[in-house]
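Participant: Given next are the chains, with one letter for each unit.
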Amino acid sequence: MSDWLFFIEVSLAGLGSGALLSLTALAFVLIYKATQVVNLAVGEILMLGGYLFFAFAAGMGLSPWVAIPLAVIGGGIVGGIVERGIIRPMLGEAAISVFMVTVGLGSVLVGLVELIWGTDPRSLPNFIATAPLFLGEAYVSRKIAVAFVVAGIVVTVFLVLFRFWRGGVALRATATDQAAAYSCGINVPGVFSLAWIIGCATAAGAGVLLGAISGISPTMGIFGLSALVVVIVGGLDSILGALVGGLALGLIQSWTGTYLGGEYTSVVTFSLLIVALMIRPYGLFGTHEIERL
Amino acid sequence: MRMSDAAALKVAGVTLSFGGVKALRDVSFEAKAGSITAVIGPNGAGKTSVFNCISGFYRPSSGQVLLDGQDISALRPPRRAALGIARSFQNIALFRGMTVLDNIKLGRHAHMKTNLLQAMLYSGAAAREEEALRRDVEERIIDFLEIDHIRNMPVSVLSYGLQKRVELARALAMQPRILLLDEPVAGMNREETEDMARFILDVKEEWGVTILMVEHDMGLIMDISDHVTVLNFGEVIAEGLPAEVQADPHVAEAYLGSGDPAALMKRLHEEAEH
Amino acid sequence: MIIGTAKESYRADEALLTTKPQRVWMAIFLAFLVIVPFSVNDYWLYMVCLMTINVVAATGLNILTGFTGQVSLGQAAFMAVGAYTVAWMERDLGTPFLVNLVGAGLAAAALGIVVGIPSLRVKGLYLAIATIAASFILHFVFVHWESVTGGNTGINVAPARIPGMELTTYFQLYWVIMPVTIIMVVAAANIFRTRIGRAFIAIRDRDISAEVLGIPLLQYKLMSFAIASFYAGVAGGMWAYFFRVVTPESFPFMMSIFLLAAIIVGGMGTILGGVVGAVFMTITPELLRFVVEWVSPWVPNAGTLLSPVRTIVFGGLIIGFLVFEPQGLAEIIQRVRRFFRLWPFRT
Ligand SMILES: Nc1ncnc2c1ncn2[C@@H]1O[C@H](COP(=O)(O)OP(=O)(O)O)[C@@H](O)[C@H]1O
Ligand SMILES: [Mg+2]
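Chains as they are written, first to last, in my numbering: chain A, 1 to 293; chain B, 1001 to 1274; chain C, 2001 to 2347.
No wet-lab data here; the hints were simulated from the structure. The structure displayed is predicted, hence computed values, not measured ones. Idealized CB from N, CA, C, for every residue including glycine. There may be inaccurate statements among the hints.
Calculated pairs, DSS-like style, for lysine-lysine (alpha carbon to alpha carbon, straight line, at most 30 Å) [to be verified]:
| id | chain 1 | residue 1 | chain 2 | residue 2 |
| --- | --- | --- | --- | --- |
| 1 | B | Lys1113 | C | Lys2123 |
| 2 | C | Lys2123 | B | Lys1022 |
| 3 | B | Lys1113 | B | Lys1204 |
Pairwise CB distance ranges (calculated) [unchecked claim]:
| id | chain 1 | residue 1 | chain 2 | residue 2 | range |
| --- | --- | --- | --- | --- | --- |
| 4 | C | Val2102 | A | Ser2 | 55 to 61 Å |
| 5 | C | Trp2294 | A | Glu93 | 35 to 41 Å |
| 6 | C | Leu2033 | A | Pro69 | 57 to 63 Å |
Here chain A stands alone, though its shape is the one from the complex (with noise of 0.2 Å):
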């Protein structure tokens, strides 16, 4: 095999793990656009999300196309219930309380999955043909481009509806400015239970793709770290960051664990983490905030 062609079937591995980091960050973009809450917890929910699916793909015996969106509403539900019970009574404190809250809540939803699935790695059933795809002489998985092509469609929706939609605008009103979006009329504590369901609802979706690809295990909440270098990276507020982040980040992690070796992903992740936080400290594409004395 020509050197050309392996080199573009681990860019193709690399945009596909790459949109689902793009997914990931979308959670993540959504809950802080609205509530200004990072929430270090999207990875856990993500890996519940896989859960969910298991429980009702496998445990259950349910059509995966029924356990699908199971679990992606079971994210939701999760989201709504966390932020009514623990985010909102938080508003107000420092940011870094509430970001605490969210990785104590990660803590708390790996006991409980450790608890009643066990710690053991588990492989979700199949619900993608495993039959190879071609684009051109290039092999890509078809799992990864199935993950690919729903994950870029889902997060060009949100770009497009926070561009256009009554709702994606009132998220942005609240946004920057919470009273002024009260006068407003905007439900400013709907928007925030919103902006936790459809956040986390994306995340355990995103969990049973990655699932589908890679299997699921308590550990794998571990994505959302990558998936929050994307934010930082691209900007916390910025959905279009998340895109291009996302797919930029999956195609360097892709190279440096094929060329360089796995062990090294990482450490070049975060080093590129710091150097863009040196460089735009509030991400490439993120607002950031002036203070006045």
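Assemble chains B and C with the ligands onto chain A, guided by the hints.
Facilitator: The following block gives chains B and C with the ligands in isolation, referenced to the frame of chain A:
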């Protein structure tokens, strides 16, 4: 110290912009040593921005700030504080996690010497320095500003007027040569305003500090200031003795779009009372 | 105002322990610490030493995060730096162990300054994430700088030695670890009696006004990073002498979260908080073990439940304290103290 003709602080041709918007255009004025200079002007005129340029928080795109004739434009804010530029803030900036006493003590920071090792050991030198500071703060500042009763309270429980007074105390702990007061009596009732006026005058008379003050309360300005500078849309439009400025039709126009000084007075009093 | 005895009263007022009951309780507590190693078994002595090491690391983190407001999720990585420094100095230099502990602190502090540099550009969460990045990069270094770190297999650490004796038992090590910890906690408290501590708190509360009031931000933020890492380094160094082996997995990222959780639960921005938080969070998983053992006759395979239950309780404590008791255990202790006033002593 008596008021003299020497300028203790000079702002020379300062221009400041925020992404195309000019907040200050070629602003020049000076504060004579031992005097009280008031800076007035409508909201958004650039008064706070001038203070920020003097204390170094904003970097003007051109122009200089001179302290006793020495150009300090290149110095970072902490250096300027160490040289004796002290200030209070329009939106109170007390440290909520500290008591009143610690907030005041913090002001002395730039004049103290304790290093990290001495601090960790609380060595003799550190202990002596802290004790001397405590005595000075208690006897010269807390007594003077009549805040003994609140010294151990957290600042967040204090009334607005008292918080402003603690801010003044902290600024005094900075051993100021120039004291910048940004709306020191905004939001205060009559009695609190009179107390504050008395403190400001005492600081000038007894401490010999040069004072620069942003205020909307025309009564206060007439009573205590020696000189007034008027800003509008980032430009100096008038200056002179308080009475001169008050009678200046340009000034009234800036506030109201009309040349009627009486209407100006009315408007200013309204603003002072919110 | 008190005149006449003013000098005396100011000095007394600036003391670390201002009331007689405080001093009496402290004396009782110190006496207790002397008795402990003679009265508990090896298992509990092990726990006490572990707690004590965590107290040092948490107190350092509290100075940086609780007092200076710079959130760090890299404290465990600095412990690792300290541990490796001790291991390396023992192996390649053979210097005395107190020198090695100081070396561990200094090495970590130097690195802490480097990691703190982004703090001038980025704040809050962005900074927290930069420290996460730094710890993953350090982990990579531990694995790959084999000539110093021994790679994945790590380094064995020779026992700490004083002339004529090797310190190998928990009992022996206790007499090193506990005094070092006490000194470091007192030193931390001392910082906040001086201008340096006030500067830290001012930076936490509002850094831009602190700067205008005369505090050079870069210098003080980096100083705070250096102190926190110094504490982590010394804690890691003691850890190395305690466990006698250091590997890249000795100080996982989870441990940084654990330490941050400890100061949240204990109380951010109070010295007492860092201490009780570290003790509480170290002991809780052990107490859960007793609970699980206790219920095992009734619950099938209770043993496998232990780890998930610990994880849940850990997360639950973070959430519970942040939502219901954001000032932490230290505030609860203060409330109890106020309730009992000066009981049982009179001033
Ligand atoms: N940090 C900043 N960024 C952008 N614009 C600013 C900033 N600070 C002040 N301005 C603008 O500069 C002008 C003057 O503001 P300011 O100095 O606060 O006015 P004043 O104190 O006279 O009410 C205003 O138009 C204000 O919006
Ligand atoms: Mg102003």
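Participant: Any hints from earlier that this structure breaks? Give me their numbers in increasing order, please.
Facilitator: none
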